[in-house]
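*Asks:* Protein chains in written order, with the working numbering: chain A, 1 to 109; chain B, 1 to 107.
Hint data in this document are derived by calculation from the structure and do not stem from the laboratory. Take these hints with a grain of salt, some might be off.
Stated by the list, open to error - A partial selection of chain B residues facing chain A, derived with a Cβ cut-off under 7 angstroms:
no.: 1; residue: Ala16
no.: 2; residue: Phe19
no.: 3; residue: Val22
no.: 4; residue: Lys97
As the list claims (entries may be wrong) - Listing some non-contacts, in silico: residues in chain A with all C-beta distances to chain B over 12 angstroms:
no.: 5; residue: Glu5
no.: 6; residue: Gly30
no.: 7; residue: Glu101
Claimed, not checked - Derived Cβ-Cβ restraints for the label pairs, each shown as a range:
no.: 8; chain 1: B; residue 1: Ser52; chain 2: A; residue 2: Asn13; range: 41 to 47 angstroms
no.: 9; chain 1: B; residue 1: Pro66; chain 2: A; residue 2: Glu5; range: 26 to 32 angstroms
no.: 10; chain 1: B; residue 1: Ser32; chain 2: A; residue 2: Met1; range: 37 to 43 angstroms
no.: 11; chain 1: A; residue 1: Asp2; chain 2: B; residue 2: Ala69; range: 19 to 25 angstroms
no.: 12; chain 1: A; residue 1: Gly93; chain 2: B; residue 2: Glu21; range: 22 to 28 angstroms
no.: 13; chain 1: A; residue 1: Ser23; chain 2: B; residue 2: Ser13; range: 27 to 33 angstroms
A virtual CB, placed ideally from N, CA and C, is assigned to each residue, including glycine.
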Amino acid sequence: MDTIEIIKEQLQNNQILLYMKGSPNQPQCGFSARTVEALMACGERFAYVDILTNPDIRAALPGYANWPTFPQLWVNGELVGGCDIVAEMHDSGELQTLIKEQAAAEDPE
Amino acid sequence: MIIQQQIEQQLQSSFAPAFLEVFNESHMHSVSADSETHFRVVVVSSSFDGFSRVARHQQVYAVLAPQLAGPVHALALHTHTAVEWEQREQAVHASPKCLGGSKPDQT
Chain A
1 MDTIEIIKEQ
11 LQNNQILLYM
21 KGSPNQPQCG
31 FSARTVEALM
41 ACGERFAYVD
51 ILTNPDIRAA
61 LPGYANWPTF
71 PQLWVNGELV
81 GGCDIVAEMH
91 DSGELQTLIK
101 EQAAAEDPE
Chain B
1 MIIQQQIEQQ
11 LQSSFAPAFL
21 EVFNESHMHS
31 VSADSETHFR
41 VVVVSSSFDG
51 FSRVARHQQV
61 YAVLAPQLAG
71 PVHALALHTH
81 TAVEWEQREQ
91 AVHASPKCLG
101 GSKPDQT
């Protein structure tokens with residue numbers, strides 16, 4: 001399977017997905033750290049891909065996403081943004097609303 | 001200063017910004033003292049009216065594609081319309097401290 005297909009599958013199977021440098025517990029970049037912090041503050045489960053250990057995805061995703069940098073937060077198959085956008089949305093409360101709504105849509109209990 | 005000037009000129013001519021600031025933040029990262037690798041940009045322009053945050057950043061990335069393909073490793077963006085800029089009382093986030101992960105990442 002080529003890398004773009006793998007990315008599409010990841011986006012299809014994970015409604016809240018963060019492509020980042022390192023892991024949520026050990027981010028390897030200040031921008032990834034800030035993004036994951038904002039996402040964790042929403043209190044919902046999310047998936048992540050460490051692009052430092054997945055060089056194929058790191059190389060292919062910017063072209064697919066039309067977005068040259070990491071981290072990238074994707075919700076419901078759509079690019080929400082990188083660190084700056086996620087931080088702005090966190091401050092305004094939009095991020096929590098988006099993430100909570102997505103989590104509720106997946107698990108309606 | 002060369003890259004910083006390129007970035008400023010590109011943004012100036014593409015977005016006719018009401019406010020533009022380009023900060024070289026390379027000193028906050030694990031690169032040599034005179035580097036031009038990490039930048040933070042604040043652009044306030046009516047070109048962004050009606051566009052989502054992602055679309056605005058994509059516009060800026062497209063304009064700065066030559067720099068991003070070359071020496072520039074990180075670009076923090078703050079893109080606002082004039083109205084939003086007033087509402088924000090001109091406050092923007094400072095960039096986070098580097099955690100060292102960009103070291104193998106100079107390509």
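*Asks:* Does each hint fit the structure? Answer for all of them.
*Replies:* Hints and how they fare:
1. Ala16: For B:Ala16, the interface hint is violated, since the closest Cβ of chain A sits about 22 angstroms away, which is over 7 angstroms.
2. Phe19: 16 angstroms, violated
3. Val22: 15 angstroms, violated
4. Lys97: 5 angstroms, holds
5. Glu5: Check passes; 23 angstroms lies beyond 12 angstroms.
6. Gly30: Check fails; 3 angstroms does not lie beyond 12 angstroms.
7. Glu101: 17 angstroms, holds
8. B:Ser52 / A:Asn13: 41 to 47 angstroms: For B:Ser52 and A:Asn13 the Cβ distance comes to about 25 angstroms; the hint is violated.
9. B:Pro66 / A:Glu5: 26 to 32 angstroms: 30 angstroms Cβ-Cβ, so the 26 to 32 angstroms window holds.
10. B:Ser32 / A:Met1: 37 to 43 angstroms: Given a distance of about 41 angstroms, which is inside 37 to 43 angstroms, the answer is holds.
11. A:Asp2 / B:Ala69: 19 to 25 angstroms: 23 angstroms, holds
12. A:Gly93 / B:Glu21: 22 to 28 angstroms: 26 angstroms, holds
13. A:Ser23 / B:Ser13: 27 to 33 angstroms: 41 angstroms, violated
The structure shown violates the earlier hints numbered 1, 2, 3, 6, 8 and 13.
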